[in-house]
Structure formats: C-alpha cells, structure tokens
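S.K.: Here are the chains, one letter per residue:
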Amino acid sequence: MSDHGAATGTEVRVTGATETTVMTYAEAIRDALTTAMRRDERVFLMGEDVGRYGGAFGVTGDLVDRIGPDRVRDTTISELGIVGAGVGAAVTGMRPIVEIQFSDFTAQAMDQIANQAAKIHFMLGGAMQVPLVIRAPGGSGTGAAAQHSQSLEAWFAHVPGLKVLMPATADDAKGLLLSAIEDPNPVVVIEHKLLYKTPGQVRTGYATTPIGVASVRRRGADLTIVATGVEVSRSLEAAERLAADGIQATVVDPRTLKPLDSETIVREVISTGRVLLVQEAVKTLGFMSEVAAVIAESEAFVHLRAPVARLAGLDIPIPYAPQLERAAVPQVEDIVAAATRLVREW
Amino acid sequence: MDNDDPQQFSVRTDTGAGGEPMTEVRYDRASALDAFTTMWRIRRFEEAVEDLYGRGLMHGTMHLSIGQEAVPTGACRALRPDDYITSTHRGHGHCIAKGADLERMMAELLAKETGYCRGRGGSMHIADTATGNLGANGIVAGGVPIATGAALSSRMRGTDQVTVCFHGDGALGEGAWHEGVILAAMWKLPVIFLCENNLYGMSMSSAKAFPLEQLSDRARGYGIPGVTVDGNDPEAVESVTTDAVARARAGEGPTFIVAQTYRWRGHSKSDKNLYRTRDEIEDWRQRDPIERFEHSILERGLVGRADLDQVRAGVRDELRGAVQRANAAPDASAADLLSGVYAR
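Sequences listed follow chains A and B, in order.
Residue numbers for the first sequence follow the numbering used here, so the first one is 1 and each next one is one higher.
Residue numbers for the second sequence follow the numbering used here, so the first one is 1 and each next one is one higher.
Not one of these hints is a red herring.
Straight line, CA to CA, 20 angstroms or less: simulated SDA-like cross-link-like pairs of lysine to any residue:
id, chain 1, residue 1, chain 2, residue 2
1, B, 188, A, 51
2, B, 188, A, 76
3, B, 188, A, 77
4, B, 188, A, 70
5, B, 188, A, 74
6, A, 283, A, 296
7, B, 188, A, 48
8, B, 188, A, 68
9, B, 269, B, 138
10, B, 188, A, 69
If you only want the chain A side, here are some residues facing chain B, beta carbon under 7 angstroms, derived:
id, residue
11, 124
12, 160
13, 161
Everything labelled a hint here was simulated from the structure, so no lab data went into it.
Bear in mind the structure is a predicted one, so any value in this text is a computation, not a measurement.
From the three backbone atoms N, C-alpha and C, an ideal C-beta is built for every residue, glycine too.
Whenever a hint applies, use it, and build me the whole structure from the sequences.
M.R.: As structure tokens, then:
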C-alpha cells in the first residue's frame, strides 16, 4: 500500500497506485475521506453542516449518502466542543476527522487544539496517543473579509505536538489527508478555499503523500522560490513568465510545514544561490520567517549570492473590497517583480 | 437569601426526569470497608504530598481535594473498570478512586522516571489508561468535551461503556462546558457530568456566580436531568451515579449531577483564604465525609473499630512504601525529551 519510507524523495512519488484521474481539489478530499472511511471503520468525520448540506464549501458533498450519517456527523456550531469530542474519541480508539468551516474559527477551538490535543501524548509521558485530523480551509480571495480569510498555519506550527500540512494540489489534498488519517498524532490540514475548484491529476485508490517530504515542482538555475498553499500555483505561473524573460526558477512546495523537509529546501537553495520565500500569511513571524532562519543556519548560507528575500501578506487584517483584498497578499505579478529584482540586482 | 451564603444550594435529591424510582445504595460490610479504604487512601495520599511539599521535598504546585473524598469514591464505585473518567486539576481523588497505583502517582509528583507521566505531567496531568482514567486536566472544563468524545467513541464502537466527567463549579463558567454538554445531549451519549460544587471557583463563590436555586437546575436548559446530592456522603453519591449510569447504558443520554462538598485547603498553594471565613471552613470540617461515614458504618454495625484501624494501618504502610520506593526511583531523564513529543 503506501510507502512511508520514501522520506528522501523530492518529486511527487507514486506510492502505490499508479492510475490517475482528473478531479478537483475538493473532489480529491472527498475521495480521500471516502477511501479512508471504507477502509477503516474507526474513521469518521464530524463538523458543522458536513452532512446533508454537503459542507460550507461543498467538500463533503454526497459523502453522507456514501458512508451514512453516523460517520458523517453533523454537529452544532460548537468548534471547541467538536474538536474536544474529537480528542476524546481519538484517545479511546477512534480515528476522528473534524472539519472546521473556516480556519479562522479554530480560534474558538484553540484550547482543545493547543492545550489538549497537542500536549496529551508528551504530557502523559507517552501513555496516550491522539490520532485526530483537523481539516480547515484558510486563505483570502473570496471577499469574506477579516474573520473568514486568514492564513493561520504559523499558529499551529508553533505548538509542539501538532503536525501541520498545507496541500497545494489536488493530488496532495488527497494524499496528505490519507497520511494525516493514518498518523497517530493530531494533524492540522490547512486547505485553501481558492483551490477547491482547481482540477488536477489525482492518483486513484489508497494513494498517500508522505508527511515531511517537500516537492520540487519545477527546476531552474537562477533562483529558488519556496512557496506554500495558494502561492505555489502563483509561483509556478510567475516562473513561466520569468522564463519568458530569461529567468529560470526552481519552485519548492514544502507541503508539510511541520515536520519540515529542511534538507530539500537547503539543497535547492544551494543549487541556485538565491531564494525567494512566498507566503500568503502576514509577514511578521510567519512560516517563511522560520524557513529563512533554517536557511541562515544551514550550509546554504555560504552559497547565497543574495540576501534571503521574503514576499508575504501585508501585516493587516484581510480587507473586504476586491482591490484591497488583492493588494493584501502576494499575487503572480508581485512574485515576478520580486524574483526579477533578486536576480537582476544580485 | 444572602447571595453569598454558601448554604444557598441545599441538598435536594431529585432526578428531574419525571420522578422515576431512585436507587438507594446501602452498603454491606464489604462495600463499607471498600469505600472507607478509598476515602482514607485519598485523604492520606494528599496529606502526605502536602507534607512533602511543605518540607520542600516536592516541586511545583498542587490542588488538594481534602474534604471532597466522598464524591470520587461514591461515583467510581458505581462504575465498571472499563468505564471512563475525565478529571480536573484537583484530580488525585478521582485517580485513586478509579484504581490508580499510589506509588506511580507519588513518583510522578516527586518528578521521577517511574511516575505515571515520567515526570512530564506532574499533579495536574496524571492519566491511567489501565483503569479508564483519561486524565486530569490543567484547563478548567477542558475534560468536558473530551468526555463527550469518549462517550461518542463508546457508542460508535458498540460498547456500553459510560464516561463520568468530573469537574468543579468553576467549570460552569466555561464555554467548553456548554459545548461539551450540548453535543452529548443532542446525541444522547452515555456520559455523566459530575460537578463537585465545593462552593468556590478559586475565590469566586458559585452562589454569587450562578444565581440559581439549585446549580443542577441548569440541566433543564440542556434538556437533560439534573440532580443535586450530598457530596459528603459516598452512599448518596453512589446512589445518584448508579441511576445516571443506568440511564446512560440504556441509551437515555447524559445526566448532570451536582455534588455539594467543600475543599478544606486553599485553591492551590498561593491561596491565603481571604475570600472565606474561618467559621465557614470550621463548619464544613464538622461535616468531614470520612468521620461522618465512619460513625455511620460503626453505628450500623457494618464494621468494628478494629476493622477501621486495620485499614488505616494498611494505608499507612502502603503510603510509606510508595514514598520510599518513589524516592529511590531514578529522576525523570531529559535524555529523550524531544522524541516524546510525537507518537510513532
């Protein structure tokens, strides 16, 4: 079945099934949920409106018809209660997945995420495990303003005991979710709302993507772009435009923020000597601050031909007006401009 | 009525579920000895750790439940070994009543590698999976939604296990309590929310904080039965818990039990008792659950004085051994701290 030994691979590795089919990111998540629930009766999903409604973003769709209402379980609007119930079910032999409608609402559930789920295994000296998956869509671009658009991955990556995944493609949305469900630890999967309708080739069957392995999406000799979430596809688009201008970019998608595949990032930075770090989240103390520090502490430091550059969301709440919202986070043209400066000036 | 009167919540035993007959647990000799032993083990364990702490031989902080021993004793006697409990920062009593090993508890508090949490958790985080104890909790009401989840898990796995969620009156101010209880009520889960009303959430009087005739009246708002019981009487606590367990196992859903009791000691080691009077503390000491129970079982001829002396001597030896062996055990090691964060 899955091959978790593929810890040194950098390309998307086919880890079992080789057939692929085209589906959207949201359909790929639903496929993962269906596959996991059919394979293991301990796996169940609960959350707000995940049943007949089909999920706020339509991710669960007809899952309740496929699996039944007992294991595709509608809850009250109670994020703290839902995650806490997930923790209780996880420590007593189930494999719960909880859906939080918007990642912003994890703020309501933070005690159960950060103080309970993340700490139980360590705090009890290893006596218990918390195999809980928390799925939550993050990111801006939907006009939903400041309380429905944040990129909060750094909050979770800052808490020892949590694993944090950010799938950027449909195949990883499925593969990483399957790995998260298998994992004996609490795993936060940050999905991106703008990607839900994006199609891609997705491996069929039980096809996992290993946790802790970055993906090199593209290779070029002039600079290395490290990007997460929706900024991966923006960086790939930027790389195409840069290529037309004679600048060749490598694009690395860490996929897993915690644990982080530092080895791949460092190696790809060494190979070009220039690095541009791109995230949608606000700049201050964001995930890319950590990546910058990892690079600075590594042997890549002496190979740098230019200072490490960060391109991130402005340090503001996400605004409503479309032109303001767009201006708040890195767009393709911002990446092109930043990469061009980095290569031309250094 | 004076809003600050700690007696405001009188004891009223009423299931509120339509007046069906109540179980009345009356102990025989074996049960009386068992309940007395459990209460005495809790009392003496806590007095021992208080003494060690006072002499500078124990680190950190602790929350003692001296005066409240009848609640976990009565409640856990109504449970099977495979039933679950969730506990609180004031959790030594729950842990012991569910069957934990005193030596491993003591070793944990003494920061030893042989402690329940290998020195990673301390007093507020002891769990004992072997006895269904899902753990003490340093966050007020943190265990409430977790208990709901454990009950959901039992239901989904097709077992008839019941979960008792111990919590204090302070937890009634937390959103987690509300969210945990509504989910359990909606799904009619086999869980019992057992509030140890020791009259204060740290220093906040529960009578002042919750202007209800009975704290258990709150259950009505959640569509579940509420019952108030004398928390200083293990037979009374066991009686109402037995009823609630029966309801839970029969698929009839959660029950909210409020056990009226009192903590003799301060909230934690920082407490100067400025918010309550000496008279009040003395008044409750007169209602010592252990002394009362001792008189009752002696009077009823269930046990003789020699039996109780034997229990006390046995607990004394057990604790002495636990402290000695725990002290001799290796200190918690920092060698593998990082590898303990994630399960493999």
